[in-house]
Amino acid sequence: MSFNAIRYAVTETFLSLKRNGWMGLASVATVAISLIILGFAVTLVYNTTKITGNIESNIEISAFVNTAATAAQVQTLQNEIQQLPDVKSVSLISKEIALQQYQASLNNQVLSDLGGSNPLPDKFVVKAQLPEQVAGLAGKIGSLRGIDKVNYGQGVVDQLLSFTHWARWVGISIIALLSIASIVLISITIRLTVYARRREIQIMKFVGATDWFIRWPFLMEGLILGIGGAVLGGIVVIYGYENLVSYIQANLSFVPVVKDQGFMVILAAVLLGSGALIGAVGSMFSLHKFLKV
Amino acid sequence: MFIQLTNVSKTYPNGVRALIDTTLRIDKGEFVFLVGPSGAGKSTIVKLLFREEQASRGQVMVNGKNLSRLRDGRVPYFRRNIGMIFQDFKLLVNKTVYENVAFALQVVGASSKEIKQKVPAVLALVGLDKKADFLPTQLSGGEQQRVCIARAVVNNPPLVLADEPTGNLDPETSWDIMKLLLDINKRGTTIVMGTHAKDIVDSLRKRVIAMERGRIVRDEEKGVYGNEF
Ligand SMILES: Nc1ncnc2c1ncn2[C@@H]1O[C@H](COP(=O)(O)OP(=O)(O)O)[C@@H](O)[C@H]1O
Ligand SMILES: [Mg+2]
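Top to bottom, those sequences are chains A and B.
In this text, residue positions in the first sequence follow my numbering: the first is 1, and each later residue adds one.
In this text, residue positions in the second sequence follow my numbering: the first is 1, and each later residue adds one.
There are no misleading hints in this set.
Derived DSSO-like pairs (lysine-lysine); straight-line CA-CA distance at most 30 Å:
hint, chain 1, residue 1, chain 2, residue 2
1, B, Lys130, B, Lys113
2, B, Lys118, B, Lys186
3, A, Lys18, B, Lys116
4, B, Lys130, A, Lys18
5, B, Lys179, B, Lys198
6, A, Lys18, B, Lys118
7, A, Lys18, B, Lys131
8, A, Lys259, A, Lys127
9, A, Lys50, A, Lys259
10, B, Lys47, B, Lys206
11, B, Lys222, B, Lys47
12, B, Lys90, A, Lys18
13, A, Lys88, A, Lys127
14, B, Lys113, A, Lys18
15, B, Lys186, B, Lys28
16, B, Lys95, A, Lys18
Some chain B residues flagged as far from chain A (calculated, every beta-carbon gap over 12 Å):
hint, residue
17, Asn168
18, Trp175
19, Val217
FYI, nobody ran anything at the bench for these hints, they're computed from the structure.
Note that the Cβ used here is the ideal one computed from N, Cα and C, for glycine as well.
Same shape as in the complex, but just chain A (with noise of 0.2 Å):
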């Protein structure tokens, strides 16, 4: 391209950012609109998995060792364990500490009662690396010699398992038909405004201006709405969200929310590219048919 080409590019676009103002602004808007809900879907999708996620793994086996076991037989029933594959981590919970807990949680009346004797046995909570490991992980540990009963909640995780996937999946669904929408949206928007022009560009094409001639200032018009959209947008997501992550942690503490910098700043980063590429896809689509004189 020319310098004359450039300048007269660059002219042409901020004149019809100009001429065209309230289109621009329509557009814009409609940008910032989708951009914030997309933002907005995106943290909520961010933010459930993160949560899922910790309830995931957070999801442990209790095996409960037969009260006959020695402390020698416990010991290696914990290094079998150990060397099971999938396992993150074993602890024992011994019948004493089992105890002492159980009596703190009942005022210290049981111990008496009990007359000295301890009917508890020991116990190993056991993490998965995955939270799909945990069935077949339970299964393998109750196997073993010396371990009377496993429990891990079945029905709990599997229905949280399903749970997660199935709100993961409506999550990546709603944004996919947004992002869709967005474009579609911002592409009538500079039809309306590529339509505006018609004549300016049959004239164009009368004269002998080249394509690429003729959508440079119309693609750049797309770009620097959609990019003026996702600024927008992009501000309303980042400083709403902070200040609502801020509400919850002080107003509803027990909602774990996630509060992340680099998420922060790679959400900025995707909703400025998406508003660029919904403005040249937008423009792009539009102009295809105006071209044909």
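With the hints as your guide, set chain B with the ligands onto chain A.
Chain B with the ligands in isolation, oriented as in the chain A frame:
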């Protein structure tokens, strides 16, 4: 040979046969009237020469280019050698006279120096140098057509195509426009003009190609509009 149509037919997608097996030759520097009733195919010939439409059959040669072999990407460069004049002027209403003409140079990548030289010169040629800063809405129809002509010839093209350039003008203004086109033709520019203006055709005695229902029915030097329609 400057323009050559050889056995050209044009059938539009809706099935209308606008041009049927037409052969026609126009030499450099000629002034040619295309006449005939509405729907005869005059505009279709103009559009074929400008490569706005493509022939369904036959060969269209313009300025040494076979238009059916011309790639889409080359069409803009081909059109830079043709000036188009329209019945409805096709001016940009939000640009001044000067800007409308400069626009045609800008979009083909002319330098600002070139623009500053050529635009005032061509505006003087069409007699609008005093109205360079007017908007089209502030001009009469004849003046708007002069802007259109200035824009068409500012690049000094070897061929000017005019489809009913006086169709929207009163007789007196039409004559002013015709004088301007004759001047341009005298400078060596080939002009092909579709028209319904019987008076003008009859008194100028240029080459007349008469068309009817997609065929050339008469082609004569120093011709007249004719009575067949
Ligand atoms: N784009 C088009 N699509 C379909 N039919 C067309 C188109 N342009 C012209 N025609 C038809 O082709 C015939 C010739 O039209 P045209 O060349 O415009 O005639 P003229 O300029 O002599 O009045 C007419 O019947 C017209 O309706
Ligand atoms: Mg016509």
